[in-house]
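So the sequences go chain by chain: A and B. The working numbering runs 468 ahead of the 1-based position in the first sequence. The working numbering runs 1 ahead of the 1-based position in the second sequence.
Treat the hints loosely; a few may be bogus.
[What the hints assert, rightly or not] Straight-line C-alpha distance at most 35 Å; calculated DSBU-like pairs for lysine-lysine:
| # | chain 1 | residue 1 | chain 2 | residue 2 |
| --- | --- | --- | --- | --- |
| 1 | A | LYS671 | B | LYS172 |
| 2 | A | LYS616 | A | LYS489 |
| 3 | A | LYS670 | B | LYS15 |
Hints in this document: simulated from the structure, not taken from any laboratory.
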Amino acid sequence: MQNILTIQNISKSYGPVQALKNVSFEVPEGSVFGILGPNGSGKTTMLGIILDVLIANGGSYQWFGGIDPALARRQIGALLETPNFYHYMSAMDNLEIAAAVKQHGQNDRLRVLEKVNLIERKDSKFSTYSLGMKQRLAIAAALLGSPKVLVFDEPTNGLDPAGIAEISDLIRQLNKEGHTIIMASHLLDEVEKVCTHVAILKKGDLLLSGNVNEVLYSDDIIEVKALDNNILQQTLNSMPGIKNIRPDNNILQLMCEQSISPQNVNEYCISKGIVLSHLVLKKKSLETKFMELTNK
Amino acid sequence: MTSLLSIEWLKIRKYRTTWVILGLFAGLLTLLNYGIIHGFIRAGGNNINILSQSYAFPHVWDNICYYTSNLVLFPAILMIIFTTNEYQYRTNRQNIIDGWKRLQFFHAKWLMVLSLSILTTIIAFILGLAFGYAESGSFTGAMNNTVKLAYLFILCINYYSFALLLSVLVKRSGLTIGLFLLYCLLIEFILHMYFNYGLHNETLNLFLPLQCSDNLLPFPLAKMASQLVGLSAEPPAYQYILASCCWIIIYYIIGRIRLLKSDW
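Just chain A, with the same shape it has in the complex (with noise of 0.2 Å):
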């Protein structure tokens, strides 16, 4: 698969404040690719960084195989930080500037406004919109001529819990319709239900990045309880499958291999004679996995 964007040794400093260091990552084509980080971990200062309006200290970035720019820009629907619109024009008067600056998009205005809901309120003045509203346009304005590329820096800033979940399909359509998006969050919510991808920043610092099942994944603990949990835990020691067994107050925690279901454990303990009391699948959300991972 082709890379879309190429990140190498990008830093970036606000006088002493090191926003960047040294990060290098790859977007491949047809990816979600999550930026993840708490609050002031410097994903908006990279995504600046790629789309120009900031400029880094060091590295450098290729879009598409390194064509130019500003030329790569147009192929690409961008929200950074804010919705930036003129206060004094409608909705469709703001995509006018927009698709003309892009060079393309300019009939596509109605069917953008249409994805996101604005259809009705596209002659408001954009100064009479409301904070969703403003959301809403600037991701419409991303969308203008369908591009490749799609960069949304916490898109569903400010959008009611049934506009995150629109938002939310509505990235996951994008997915399946062949573009690439990367995404910035700190929802960590949002994006393990979109993500394929994912870059993990803490302070600057690039913690890890890849796909998504490579990097976070972990392995799913079965807890279960019986009678007597020390026959128990005798008995399992000897099932085939399971790498560790902890016992948690009165219950066991079974580190298993990947091929071994609730059900496996179930059956295999039925047939030594033991009947559980208690059994159940536990997940390790990518909350756990994000907060062991910035709070080492």
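Given chain A, put chain B in place with the hints provided.
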């Protein structure tokens, strides 16, 4: 280039402030000249009115261009508002995100400077033709002395690009307008007076960014007055033109460096 300008047009066409300020500028300029011709606006007593100059061709150009040069502050403030709006709305960033190069943003604003300068000159030209015709009764000699319109054009570029530079450096509209007016109306006026009457050296005006253009279009009686009080010989017009062009180039270079090197 036309695409840059057409996008700038999209930005301002529905901005009411544009039309209010331009309307005020054209209206006040007309009123001012009309008032002077008809004697509502006068300076002096005992039947002496030093404002009472001939508005017949070709003298009309001296008057019109001089009074226009005094009111260019209006379009200059408009230029500041256009530019600082971009920072306030952060649309400068959005233009870049959508695919402009930083220089394209800068050049679009320079094209606005040129457009406003052309517009100002055209307004002065129309007013000159109208008032000159009313006074002379014909268009004979109307094209004599129109070099003053060229001077006015240079002066406009100087003022508007100075306003643009200040906006790019300061970014906040209120502060920029305040600093601009403070500089134009006070700081440079004091220096100008000091050079002329303190040091008796008119040549130093060449080193004042805006005054070097102002000196291209002096008050119609100024030449006579300066001879009366015995001022040193004034530098010829081409030196003021050269100085104005140098200043304009300096604004361009400083603004360009600033925009290319800084975070937006």
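Next on the checklist: When the structure is checked against the list of hints, which entries are broken? Sort them ascending.
Outcome noted: 3
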